[in-house]
Every structure is written in C-alpha cells, then in structure tokens.
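Asks: Each chain, written out:
There are 2 protein chains.
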Amino acid sequence: MRRLAMVVVVAFIIVLGILAQRPPAVAESVASPQVLPDRRVTFRLLAPKASEVAVSGEFMSGSKPLQKDEKGLWSVTVGPLPPDLYAYQYMVDGLKIIDPNNPVVKTGSRPSTTASLLEVPGDRPAFYDARPVAQGTVQVRWYASKALDSQRRVHIYTPPNYDKETSRYPVLYLFHGANADDTAWTSLGRANRILDNLLADGKLRPLVVVMPFGYAYAPNDSGGVGLPNSDRQASGFSRDLIEDLIPFVQANYRVYTDREHRAIVGLSMGGGQALRIGLGHLELFSRVAGFSAAVPRSNVAEAFKEVAANPKKVNDQLKLLWVGCGAADSLFAADQAFSEFLKTSGVKHTFRATEGAHTWQVWRRYLYELAPQLFAQS
Amino acid sequence: MRRLAMVVVVAFIIVLGILAQRPPAVAESVASPQVLPDRRVTFRLLAPKASEVAVSGEFMSGSKPLQKDEKGLWSVTVGPLPPDLYAYQYMVDGLKIIDPNNPVVKTGSRPSTTASLLEVPGDRPAFYDARPVAQGTVQVRWYASKALDSQRRVHIYTPPNYDKETSRYPVLYLFHGANADDTAWTSLGRANRILDNLLADGKLRPLVVVMPFGYAYAPNDSGGVGLPNSDRQASGFSRDLIEDLIPFVQANYRVYTDREHRAIVGLSMGGGQALRIGLGHLELFSRVAGFSAAVPRSNVAEAFKEVAANPKKVNDQLKLLWVGCGAADSLFAADQAFSEFLKTSGVKHTFRATEGAHTWQVWRRYLYELAPQLFAQS
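Protein sequences, first through last, are from chains A and B. Here the first sequence stands for residues 3 to 380, where the numbers follow the numbering used here. Here the second sequence stands for residues 3 to 380, where the numbers follow the numbering used here.
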C-alpha cells in the first residue's frame with residue numbers, strides 16, 4: 003500500500019513537472035506527420051488565418067497544396083512512400099516553415115537547411131535503423147586548429163568495443179555538404195547505424211570515421227558567397243584537415259597512420275573536397291570517393307590537371323576511386339563528365355549512376371554500399 | 003601561377019557546390035536576429051501576406067509585435083539584453099514558428115520545445131562559452147536496457163585527457179526537463195563548456211557526467227499525459243537508471259563505483275526525478291540536487307515520507323542536498339515549500355532562491371555554481 007501511494011505521488015510529481023513546462027500550444031494536439039498503415043502520409047497544420055498552405059519534401063518534386071477544413075485545419079495525404087527518411091517543409095502564404103507538430107528537426111549551418119524530418123518505417127529495420135546489435139560510439143570532440151587559429155568541433159565514430167580492444171583501425175574522413183555541419187553524417191546520414199549494422203553482419207572491417215565541419219570559417223549567412231570567401235574556405239579546410247585534424251586523430255585514437263589505411267569521402271560540396279584533396283594528396287590517401295560531388299561541369303581536365311598529367315601514378319597509388327550520383331541530381335551531368343574525363347585519362351575508377359536526386363536517401367545508400375569496399379577484411 | 007590557377011579552380015568547385023544546394027530562399031538574405039553593438043536585438047521576418055507578427059522569448063514575459071514595412075518585412079528591436087542564450091519564437095497570424103533566418107534551433111522530444119536560439123555575446127567569454135582551454139569530450143552512446151527492453155541513448159561527458167589518464171573519476175548523473183532529451187544539457191545547458199572552464203580555472207575536481215534520456219517510453223506527443231503513463235515513465239526511468247545505466251557506465255568508464263563518488267542532479271521534471279530517486283536511494287547517492295524541481299506543492303511530507311521518517315539518516319548519509327529555484331518560476335512556491343518541509347523535518351540542505359524564471363539562463367548558472375561543490379578537490 004505504501005509502495006502504491008509512493009508510486010502515485012511520484013506520478014503526480016512527474017505530471018506536475020510536465021504541466022509546468024507545457025506551453026499553451028493548441029497545435030500540439032495535431033498529429034503530423036501521420037504515417038498510415040499503407041505508408042501513405044498525412045500532413046496537417048492548424049492555421050485558420052492562412053489562405054494558402056503547401057508541403058514540399060524529398061519524397062516528391064515540387065509541392066502539394068493542403069486543403070482547409072471548417073476549423074482551419076489544413077491537411078493533405080501523399081504516397082504511399084517507400085520506407086525512408088525524408089526532409090519536408092510547409093509553405094504558408096509564401097513563408098517557408100517547419101512542421102510545428104513534429105519534434106524531429108533537420109538543422110545545419112545555414113537556415114536554408116532547417117526542415118522537418120519524416121520517417122516512414124518498413125516492415126523490418128532498414129539498413130540505417132537501430133537493431134539489437136553492438137553499438138559504436140559517436141564522440142563530439144574539440145581540437146585546436148593552428149591553421150585556422152580556432153577551436154573546431156568534429157564528430158568521430160568509434161566501432162563497438164573500441165575501448166576494450168588494443169588493435170589499430172583504418173580511418174575514413176567523411177565530409178558533409180554545403181549548408182550542413184559536422185552533425186549531418188550521424189543525424190541525417192545515420193552513419194553510425196549503417197556501420198554498426200554492417201559490422202554486425204560481418205560485412206565490414208572495423209574502422210574509425212572522422213566527420214569534420216566542412217567550413218573553415220563561418221558560412222556567410224547573407225547568401226552572397228563570393229569567390230574570395232570560397233577561396234578562403236577551400237584552402238582553409240584543406241590546411242586544417244592536413245595540418246591539424248589528421249595529427250589530432252592520430253594522437254588521440256588507435257588508428258593506423260599510413261596512407262594505406264586512410265580514406266577520404268564526401269558528399270556534394272564535401273564530395274568536391276574529397277576528390278580535390280584526395281587526388282591532390284596521394285601521399286596521404288589510398289581510397290577516394292565522391293557522392294553527388296560538386297565538380298566543375300567544364301574544364302575538368304584543368305581542375306584535375308595533376309590527374310591528367312600522371313594517370314599511371316593515380317592508378318598505382320589508389321586502391322579505390324569511386325564516384326556516385328543520382329540521375330535526377332542537378333550535379334549528374336558534372337559527375338558524369340568527371341567520370342568521362344577519368345576514363346579518357348585512363349584512370350581506373352567506378353562510376354555509379356543510380357536513381358535519386360540530391361538527397362540523403364541516396365547518400366545513406368552510397369555509404370552502405372561503399373563502406374565495405376574501402377578496407378579489406380583481414 | 004599554377005598554384006593560383008588551382009586555387010581559383012578549387013574555389014569555383016566550392017561555389018558550384020554551394021550554388022547547387024542553395025534553395026531559392028528569398029528569406030535567407032534577411033538578417034535575423036541581429037545583435038546590435040549596444041546589445042539591443044532586432045528580429046526580422048519577411049512575410050508580406052501576414053497580418054500580425056509577434057516575437058516571444060526567454061528575454062521577456064509575454065510577446066512583442068513586429069512592425070511591417072512597405073516590402074512586407076516585419077521587424078522589432080528589443081533590449082538591450084544581458085549577455086546570454088535565449089530561446090524565442092514568432093507568432094504569425096496565430097501560428098507559432100521558429101525564425102526561418104536563424105540556423106540555430108533548439109530541439110527536444112516534443113514539438114513544443116522547438117524554438118530558435120539567440121546568442122547575445124558579452125565583452126568577454128561567458129562561463130558557458132568556448133575558451134582556448136583543454137576541452138572534454140561528449141560521447142553519444144547506446145546501451146541495452148533490460149529494464150525497458152530497448153536500446154537507449156545517453157550523452158556522457160569525459161573531462162580533458164580522460165583517455166590519457168589512468169585514474170578513476172566521480173560521476174554526476176544529470177537529468178533534463180520535460181519535453182527535452184539527452185542532448186539538452188550539452189546543446190542548451192553547455193554543460194561541457196561550463197565544466198571545461200571550471201576545470202581550466204582550477205575550481206573543479208575532474209568528473210564524468212552522465213546525461214540520460216528522461217523518458218522511459220516515448221513521450222506522448224498528443225499532449226494528453228495521463229497518470230498511468232506518467233506512472234510507467236517514473237518507475238521505468240528509475241529502474242533503467244539503477245539496473246542498466248549505472249552498471250553500463252561502471253563497466254565502460256573509469257569511474258568510482260561507491261556512493262561517495264556518485265551525485266544525482268536534475269532540472270524541472272528531472273529535478274523531481276533526482277530528488278525522488280536520490281533521497282529514495284541513499285545507498286546509491288551521496289549528493290542530491292534539484293534545479294527548479296518539479297515537486298508536489300502540497301503533501302510534500304507524504305511524497306518524501308522516508309525523509310520525514312528518518313531525517314538523521316539523511317543528514318548522516320548526504321554530503322550535499324541542494325535545491326535552487328528562480329523567484330519568477332511557476333515552481334518557486336513548490337520548491338520553497340519543499341525547503342520548508344526539509345527545514346521542519348530537520349534535514350540539512352541549501353535552498354537557493356535566485357532571480358529568474360523556468361529557463362536555461364537559470365540552470366546553466368546553477369550548474370556553474372553547484373558543480374564545484376559536489377566533490378572536494380583532492
């Protein structure tokens with residue numbers, strides 16, 4: 003009886019705590035997004051005074067209008083959608099907003115990145131879902147960058163049991179895209195889940211993954227990115243990586259320190275960084291890949307002049323050169339031209355032309371496909 | 003010359019990458035929030051079709067209307083504000099939204115938590131700001147909870163040089179409030195920065211801080227929190243902590259495993275949890291504190307019956323019992339009554355009645371004040 007009374011009292015305390023912090027948010031009782039059993043998805047928004055509401059998201063091109071009921075509750079149903087994670091936003095009378103009823107928010111280093119995140123589950127856990135297997139750790143570290151005269155944040159994945167082993171690991175340097183930050187590969191990319199699952203399935207040699215912040219300096223929030231700023235960004239990022247981050251990782255983690263055990267991979271802006279830095283520093287990297295990489299559409303041979311000049315060296319030194327892009331990606335033509343340039347130059351590589359656009363649906367799958375190819379299992 | 007050409011080309015690649023990912027967001031060129039040199043802050047929102055826009059935030063009570071110019075750009079200036087971090091939101095024709103021009107977003111486990119974050123810097127780094135000192139690590143770990151039959155996420159702070167030392171550390175279990183999650187104490191609370199700074203200033207004995215997720219089960223997003231659910235939440239959280247999380251921490255971190263080196267602290271809902279679990283498990287904890295703790299306003303003696311029954315035991319066992327609350331907090335009366343109850347019962351404790359409301363401005367300061375008192379420096 004005393005125990006029961008205690009439980010009731012504790013419950014009361016918790017309720018009181020919850021009530022005390024709850025704002026008078028009418029909208030919170032709106033279920034949105036609601037995934038229906040057949041994987042159609044209903045989006046809702048309570049906005050009695052709005053005259054036009056639409057939803058846009060990675061599950062479709064363009065946008066779709068919502069319909070208003072007599073209480074001012076707007077809604078629309080889309081799909082069925084393939085199981086995946088999708089970013090989406092509302093447009094309310096010309097104002098782009100996130101879904102105020104969805105607590106899962108995609109964030110980055112620029113406001114244009116902010117979006118709500120929809121998860122459409124499948125019948126079984128996806129390759130990026132948590133499964134009851136051994137879990138790695140994601141470490142958030144700060145390191146002193148002499149090259150940039152600042153403290154920089156980096157996310158580092160260590161595989162399960164890293165703390166309890168004594169062996170060394172190969173390292174993957176993994177870069178995010180424009181407007182994102184160093185949280186992106188674990189929050190949106192689910193890199194840790196993907197690698198945990200591959201490891202549990204015996205498909206991957208354990209490795210450490212280093213996910214730095216891709217901007218050397220604060221991205222210009224004004225949106226006016228001039229050449230001088232980008233110039234500083236590119237050279238600053240490269241110097242920080244080579245002069246500060248790689249030495250920091252090697253001083254603080256049990257990783258191999260030779261090029262044979264070092265890979266460099268990125269997506270979009272980070273794909274351009276990975277290809278440029280990787281192909282420009284064969285003495286540091288033996289595996290190089292770009293996902294939907296931002297490479298120039300023309301003058302590729304000029305941009306990758308050192309590759310064109312000595313394709314044999316590239317072939318001799320690289321164990322893997324991989325470029326992937328979705329056919330609906332605005333960078334597809336550029337990536338295809340880059341692959342053609344490599345072919346013409348006689349540089350061995352893989353070009354994966356897949357379905358998909360410039361989205362994380364594509365990049366999660368690329369990581370899942372590529373990671374096992376990076377380092378051979380012993 | 004060749005080097006210069008390369009730099010230009012690299013810059014071009016980066017620009018291309020940025021342009022490729024930039025959405026056609028007119029609003030992105032709006033500067034908001036803008037902190038003026040005198041620490042007044044201007045909020046802006048481009049919403050030509052809106053008829054009413056207001057801002058609300060932790061820097062004031064109530065809300066303040068924005069004024070529209072001929073281009074549909076709404077703005078208002080507030081302050082000057084004391085240097086601090088403040089959550090804020092816009093209300094646009096009755097719809098609560100975050101600032102679409104601010105990439106820094108406060109998130110949690112419920113949508114009501116979502117807000118934009120304003121940082122008003124001072125002339126010198128604040129106690130919660132990054133300084134050029136040794137930095138600890140924040141680890142994101144997953145552990146198997148037998149009590150809850152699930153994989154649970156936890157954030158764990160280890161002090162600078164943890165990896166390179168061989169000594170053991172005391173542990174602080176630190177809980178977030180309702181609607182938040184296990185990211186809150188590092189993202190909003192800046193716990194890692196506060197502790198790094200205290201350590202650098204020689205004011206703190208190095209410790210490990212464990213920040214679990216405060217809900218045993220998914221918080222009910224419908225907002226209808228009934229007693230049965232809260233009951234399950236409270237007992238589930240306590241069982242997970244005692245049966246799974248503490249053993250996990252002790253198996254994976256170099257921490258002391260005796261009660262003398264274990265503290266339990268929380269804020270709001272988590273303050274209620276810390277006081278209930280801490281005072282209910284003197285065999286496990288020697289330091290107990292609640293920040294703006296959710297304790298019952300009446301029947302305190304009933305809720306903390308074991309304390310009233312044996313105040314001597316509490317006094318003998320606890321090295322510290324600390325309760326703090328801001329005078330403008332809706333929980334102030336309850337916390338004051340709790341302190342009165344302790345006093346009447348003859349239980350030694352500290353009651354800190356401070357300025358402030360139910361906000362992180364208060365809780366960051368409490369951590370800064372309390373952390374050095376937890377474990378004596380050797």
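These are calculated hints, taken from the structure and not from any lab test. The model shown is predicted, which means the values in this text are computed figures rather than measured ones. Some clues are possibly wrong.
Because identical chains share one entry, a pair is satisfied inside a single copy or across any pair of copies.
What the hints assert, rightly or not - Using 27 Å as the maximum straight-line C-alpha spacing, the simulated BS3-like pairs for lysine-lysine come out as follows:
1. K51 <-> K321
2. K66 <-> K51
3. K166 <-> K148
4. K73 <-> K315
5. K51 <-> K166
6. K73 <-> K307
7. K205 <-> K314
8. K345 <-> K321
Asks: Please work out whether the CA atoms of K205 and K314 approach to 27 Å or closer within one copy, between two copies, in both situations, or in neither?
Replies: So K205 and K314 fail the 27 Å test inside a copy (31 Å) and across (59 Å) alike.
Asks: Classify it for me, K345 with K321: is the Cα-Cα distance of at most 27 Å met within a copy, between copies, both or neither?
Replies: within (16 Å within a copy, 72 Å between copies)
Asks: With 27 Å as the alpha-carbon cut-off, assign the pair K73 and K307 to within, between, both or neither.
Replies: neither (63 Å within a copy, 48 Å between copies)
Asks: Checking K51 and K166: alpha-carbon separation at most 27 Å within a copy, between copies, both or neither?
Replies: neither (59 Å within a copy, 60 Å between copies)
Asks: Between copies, within a copy, both or neither: which fits K166 and K148 at Cα up to 27 Å?
Replies: Between copies only: 22 Å across, 32 Å inside.
Asks: Can you give me the call for K66 and K51, within, between, both or neither, at a CA distance of at most 27 Å?
Replies: Both, since 19 Å and 20 Å are each at most 27 Å.
Asks: Under a CA distance limit of 27 Å, which applies to K73 and K315: within one copy, between copies, both, or neither?
Replies: neither (69 Å within a copy, 58 Å between copies)
Asks: How would you label the pair K51, K321 (within, between, both, or neither) given a Cα cut-off of 27 Å?
Replies: Neither, since 60 Å and 57 Å both go past 27 Å.
Going down the numbered hints, you'll see the structure goes against 1, 4, 5, 6, 7, while the others check out.
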